[in-house]
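Turn these sequences into a full structure, and let the hints guide you.
Going down the list, the protein sequences come from chains A and B. The opening position of the first sequence corresponds to residue 1 in our numbering, with each subsequent residue numbered one higher. The opening position of the second sequence corresponds to residue 1 in our numbering, with each subsequent residue numbered one higher.
If a hint is listed, it holds; no wrong ones were tucked in.
Only pairs whose alpha carbons sit at most 27 Å apart, straight line, appear in this in silico DSSO-like list of lysine-lysine: (1) B/58 <-> A/58; (2) B/58 <-> B/97; (3) A/9 <-> B/58; (4) A/9 <-> A/30; (5) A/58 <-> B/9; (6) B/9 <-> B/30; (7) A/16 <-> A/30; (8) A/58 <-> A/16; (9) B/30 <-> B/16; (10) B/58 <-> B/16; (11) A/97 <-> A/16; (12) A/97 <-> A/58; (13) B/58 <-> A/16; (14) B/16 <-> B/97; (15) A/58 <-> B/16.
I should point out that these hints are in silico values taken from the structure, not numbers from a laboratory.
There are 2 protein chains.
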Amino acid sequence: MVTLYDVAKSAGVSPKTVSRVLNGDGPVGKATRDSVEAAMQALGYVPSSAARALRSAKSGLIGVVSGAISYTDDNPLLAGLPEIYILRGIQDVLDEKRLTVLLTDTGGRADAAPGLLNTLARHRVDGTIYVAPFHQQVALPPPTAVSAPLVVANGFADDATSAVVPDDYTGQRVLVDGLIARGHRRIAYLQLPHALLATQHRTRAYEDAHRAAGLPLDPGLMIVADRVDDDAEARTATLQHAIAALLATSPLPTAICCGNDRMALAVYGMLRARGLRIPDDISVAGYDDYRLISETLYPALTTVALPYREIGRQAARLLTEPQSGTRRITVPGPVHWRDSVTTIT
Amino acid sequence: MVTLYDVAKSAGVSPKTVSRVLNGDGPVGKATRDSVEAAMQALGYVPSSAARALRSAKSGLIGVVSGAISYTDDNPLLAGLPEIYILRGIQDVLDEKRLTVLLTDTGGRADAAPGLLNTLARHRVDGTIYVAPFHQQVALPPPTAVSAPLVVANGFADDATSAVVPDDYTGQRVLVDGLIARGHRRIAYLQLPHALLATQHRTRAYEDAHRAAGLPLDPGLMIVADRVDDDAEARTATLQHAIAALLATSPLPTAICCGNDRMALAVYGMLRARGLRIPDDISVAGYDDYRLISETLYPALTTVALPYREIGRQAARLLTEPQSGTRRITVPGPVHWRDSVTTIT
DNA sequence: CGATGTCATGACATCGATGTCATCATGGGT
DNA sequence: ACCCATGATGACATCGATGTCATGACATCG
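Next up, the structure:
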């Protein structure tokens with residue numbers, strides 16, 4: 001390994017001067033700088049961040065705790081994508097600031113967190129972002145003696161911890177307001193389980209939108225159509241029942257809001273199996289804007305984007321641009337109107 | 001920060017003894033070990049991997065270069081998922097060995113690699129895994145003075161670099177053999193662009209399967225139905241044309257192999273828009289086993305799994321369990337037979 | 001019973017950077 | 001002509017671990 005001392009010797013200067021060239025600390029003469037840089041080039045010098053970290057207590061690492069990698073196939077409902085987008089937002093910001101991500105994965109087990117935080121502490125990360133798989137309250141281990149700043153993304157912990165969460169209410173509200181504006185009067189809502197915070201916020205938005213428009217709320221149109229823990233077949237069956245119940249109402253709904261795009265994908269198939277055309281007979285909307293689904297479905301799916309990337313960005317900024325005190329940020333996501341929704345004249 | 005010296009003082013032993021307890025090097029008396037461990041507990045000691053790395057030249061970090069994070073929405077064709085699964089396989093192995101992933105992302109630009117490798121070198125990673133977004137030859141920057149061992153996953157570089165790649169030939173071959181065994185005689189093949197190595201291998205497999213069964217090869221059934229660089233609409237149009245061409249042949253094909261699951265998803269919609277039932281009128285198969293698509297589609301999609309997770313595992317093992325010389329490993333993936341394929345009697 | 005080996009432990013140097021403080025020109029201000 | 005701020009550079013200690021070598025206490029062996 002070429003060290004800073006080798007560079008110094010080769011350039012005929014002191015180690016400290018090389019350090020100054022490297023970090024732009026003190027002033028360095030033009031000629032000296034050039035010869036140092038030439039020496040670094042010639043020797044193929046690569047600074048050791050271990051040594052730097054040891055001396056200056058800055059590792060240049062940001063720890064990330066997430067299930068982005070492992071959730072991918074454990075839970076197809078979530079499919080890991082949200083966390084990937086959040087990671088991407090984090091990268092956006094950290095790249096600019098020349099920080100590197102030290103990634104640890106929960107492997108889907110919530111009790112993995114303490115061990116992972118310990119690993120991050122060993123590496124003396126300059127800060128940690130804890131990424132929740134979906135909008136929820138997370139339980140953090142008690143802050144140890146070694147506590148770099150910590151931010152929760154896509155969830156929140158307690159009042160002493162900064163957090164960034166999606167604005168579920170506004171997303172659903174804008175969607176339903178938009179459907180009403182497009183002439184829909186009987187709008188069904190196939191919900192995700194009520195245990196999800198997102199469902200609670202979105203349900204309130206669905207109801208508020210109806211109230212604001214002076215429309216009645218028909219309980220027959222609001223059905224929980226997914227489960228959390230079951231296997232794929234049981235979940236399909238749950239959805240089948242919901243669709244059957246919906247199509248038994250009269251008059252038929254003209255639009256169906258689905259809890260997420262994945263549900264919408266299944267709904268497409270089920271409606272068509274019953275001979276219904278989308279959007280001519282019935283409009284469909286999703287949630288999440290999984291572009292893999294929403295753009296590929298035929299017709300393309302109207303859906304609400306969750307601003308995951310922006311959540312990641314905000315979290316990274318919160319962490320790296322020291323603010324005063326603890327903050328909680330709510331990030332709204334736009335509705336993408338596509339061909340699966342028609343206007344009723 | 002609590003250091004090893006604090007622990008030593010508190011336990012009344014020398015720093016070196018604490019180090020021995022930590023690493024299990026030399027022998028340590030039972031009583032001494034207990035008091036040291038108690039002191040570590042009490043003080044909340046967390047070892048500094050920077051100091052350890054500096055002294056012993058082992059960082060406990062494995063660098064990963066991939067586009068897993070950034071590809072996610074830049075290129076819906078690939079959608080990042082393959083790389084996520086590969087990462088997962090890597091994690092499987094590294095977790096066991098108590099190594100941590102230092103993740104750097106190409107941001108979708110191939111020319112980002114040299115800079116990323118330099119970042120990894122600064123952190124003195126114990127090894128590097130270069131993850132290719134799809135099966136291809138990758139161009140690595142010239143090995144610098146600082147070269148930890150490197151392995152390419154899901155691609156290959158040159159004869160001096162170990163690599164792990166998927167077995168595209170066998171996957172497609174088993175699929176087409178299986179379709180023929182199920183009575184299909186006119187099997188269409190909607191290919192991905194020929195520029196992809198995967199397409200070349202799979203096309204050979206498709207042809208070999210026909211030859212082996214004594215079936216004629218109809219060029220009208222082999223259509224390139226996707227493009228690499230175009231926007232979503234142009235790609236949909238390309239696929240539409242392919243479907244139209246296919247349905248103009250006589251007799252109609254009884255099965256369609258798609259280049260990937262995403263294409264199969266679109267094909268479902270297009271066939272149904274033309275009034276064809278799946279699988280009654282025509283069977284459909286995909287490739288990749290994106291479970292998000294393959295398990296959710298209705299009916300569920302028959303497809304070939306790409307063994308991404310296993311590729312990641314093998315790559316991590318290749319890196320961390322030093323073998324003799326350079327190796328190249330080919331990993332096969334199984335066919336998942338689901339309801340989108342019917343047997344012709 | 002002395003030689004020898006193993007166990008248990010400590011002293012000290014060292015890994016490769018940076019922080020602190022000192023040194024020595026140089027040049028502008030008065 | 002003198003003072004002092006500023007620029008350019010270096011000497012030296014230091015960050016927190018581990019590698020090397022040394023030491024003393026026992027146990028074992030011929």
